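*Asks:* Now for the letters of each chain:
Number of protein chains: 2
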Amino acid sequence: MNTTKRTEISSLGEFGLIERLTGNLPVNNKESVKGAGDDAAILQFSNDEEVLVSTDMFMEGVHFDLTYFPLKHLGYKAVIANISDIYAMNGTPKQITVSLALSRKFCIEDIEELYSGIELACRQYGVDIVGGDTTSSLTGLAISITAIGTAPKGCAVRRSGAKETDLICVTGNLGAAYMGLQLLEREKIATADKDIQPDFQGKEYILERQLKPEARKEVLEKLSEENVKPTAMIDISDGLSSELMHICKQSGVGCRIYEERIPIDYQTAIMAEELNMNVTTCALNGGEDYELLFTVPIADHEKVAAMKEVRIIGHVVSDSMGLALITRDGVEMELKAQGWVSNSDGK
Amino acid sequence: MNTTKRTEISSLGEFGLIERLTGNLPVNNKESVKGAGDDAAILQFSNDEEVLVSTDMFMEGVHFDLTYFPLKHLGYKAVIANISDIYAMNGTPKQITVSLALSRKFCIEDIEELYSGIELACRQYGVDIVGGDTTSSLTGLAISITAIGTAPKGCAVRRSGAKETDLICVTGNLGAAYMGLQLLEREKIATADKDIQPDFQGKEYILERQLKPEARKEVLEKLSEENVKPTAMIDISDGLSSELMHICKQSGVGCRIYEERIPIDYQTAIMAEELNMNVTTCALNGGEDYELLFTVPIADHEKVAAMKEVRIIGHVVSDSMGLALITRDGVEMELKAQGWVSNSDGK
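Respectively, the protein sequence lines represent chains A and B.
Numbering follows the numbering used here, in which position 324 of the first sequence is assigned residue number 306; successive positions increment by one, without gaps.
Numbering follows the numbering used here, in which position 50 of the second sequence is assigned residue number 32; successive positions increment by one, without gaps.
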């Protein structure tokens, strides 16, 4: 929270605040006919496009802790989490609406800080803010964002299209955002009520993955260039394990993935070791990676194998074979879903 | 909250709950290609339609009090508040997304009750639930709904089109929802910790306006039948006064409205008298009416005058003349905006 200057929200009023936040928003997309400032935004899409809509809610104390999460980063991350869902449909995000509920502890400067992160993410990904709602809350901050995007007709990729023998691929690496969270929690406790600074040295990457994640736009462009169309896709927000279960369940298939192939960054591994946690468990169940998990026909093996941002971690099998991880020792272990809630317990 | 049967949310888990709520949703509109159950909904609109998007957030303790607001009604009202914004653009609502944040005090039966109201409103107005998010909250209930609708290209009505000499019209009557709220608050205090029932006799109408509002779909159909296209339109969610200010500011005009023409229901007037409040002030500043406020060219006078659901309350004047209410005594009083927050103080 801002400590240098503090202007109360009441000094502007609700309408004044909304105008200050949304008065001069840029428009990047031709589809955004009329943005904030009316009862509804006016958008215009064409017959040959499908429109994609996704929504997410972030609650203070559940999804973020403002003692170590800067408001600007929070705004940025809230946008990324939403547009990542549009990319996960093989779409292009075009617009978002932003609803905020704020308790009295927040001042105008805080909200501007939050909004600056929202705007930065929108600029980076070419997205327009076309509306929203700003209201009060009894306790804490709530952020609800709806993202709207498009895909050429017939090009949206669902979770349900995975077929036997398809390859299972992930982008980037996994577990880093979760390890970043553990680091922040550890340093929060270590520095509480003490006059010392948190120690993040050598852990900048996992910190950034937690505090300023990015969406995997460039991988989709690469796949499209190479004419590879995923058969199923999802973004990894709740952990590889549960996302794989979504794809398998909705596609009516099973899977085999290989522990040794799961991409893990060096800092993630070091942090897990420091905390005496199993790094594979972190990669399987840690949330907020916003990497893409997708399946491709085996015929595309050569193409995806050549992409440095993509790792093939396993393959699709028949439903009757179930979902399993093959460990480094060659042992087959059944995959179990773990939601974000149980992750927070810190296994 | 449900007291007869209580199933904890944890017994189903997040994914189980979402599936239970959205597993069998009907699809009413051809535009809804794929609803809940993927990263994003897939919608399909045509070139000759404009797409309208609106969003609202409702926070427990700020927008509703669950001691007297039944969850089913709350769900219904949250949908109405959102689709009312689509109607206020002269559009037809087609889809909504529903995000809920719930604290531990809520059980599965509560959420099903809330959802039953959401679904009822959707059925009444032909709207599809195409997605959402369900998450936890540290305290209370937060509901965020985004509504998506369409209007034939060029037919969306903005706030900015009012012209000098246009007639100012409202649908239905005003202040009733606010008086319903005052009644509920009074009876909450009167019956607190006592073994008596609240007394709502003869006040059913204002109670219904607060607890189960409707959107003014049929008036738009009537206007369309009669070939009347409003020049500017807004829905009355924060009170006539502030909505008029939005239209005038965005249209660059002033207005004159007449106290004696403001439509007020008998029960609203009785309740205001009982509470020793000025009923015109209630109509001007009381929120949540979800009536439509719109302007039409003076040439349409005869047509709108003949519509029983519509009342002409004044006319548009030049910007330099400002915004004023002419009282029953013929005194001109400047109109001032009052947000919902200040209304709650109970003037």
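Treat the hints as calculated values from the structure; they're not laboratory data.
The structure displayed is predicted, hence computed values, not measured ones.
Some hints here could point you the wrong way.
Now the in silico label distances, taken between C-beta atoms and shown as ranges [as the list claims (entries may be wrong)]:
1. Thr49/A with Glu(-10)/B: 25 to 35 Å
2. Arg243/A with Phe(-3)/B: 40 to 50 Å
3. Arg(-12)/B with Glu316/A: 31 to 41 Å
4. Ala172/B with Glu1/A: 35 to 45 Å
Even for Gly, the Cβ is constructed at its ideal location relative to N, Cα and C.
*Asks:* Take the hints in turn and mark each one as holding or not.
*Replies:* For each hint, the structure was consulted:
no.	hint	in the structure
1	Thr49/A with Glu(-10)/B: 25 to 35 Å	29 Å, holds
2	Arg243/A with Phe(-3)/B: 40 to 50 Å	26 Å, violated
3	Arg(-12)/B with Glu316/A: 31 to 41 Å	32 Å, holds
4	Ala172/B with Glu1/A: 35 to 45 Å	41 Å, holds
Checked against the numbered hints given earlier, this structure breaks only hint 2.
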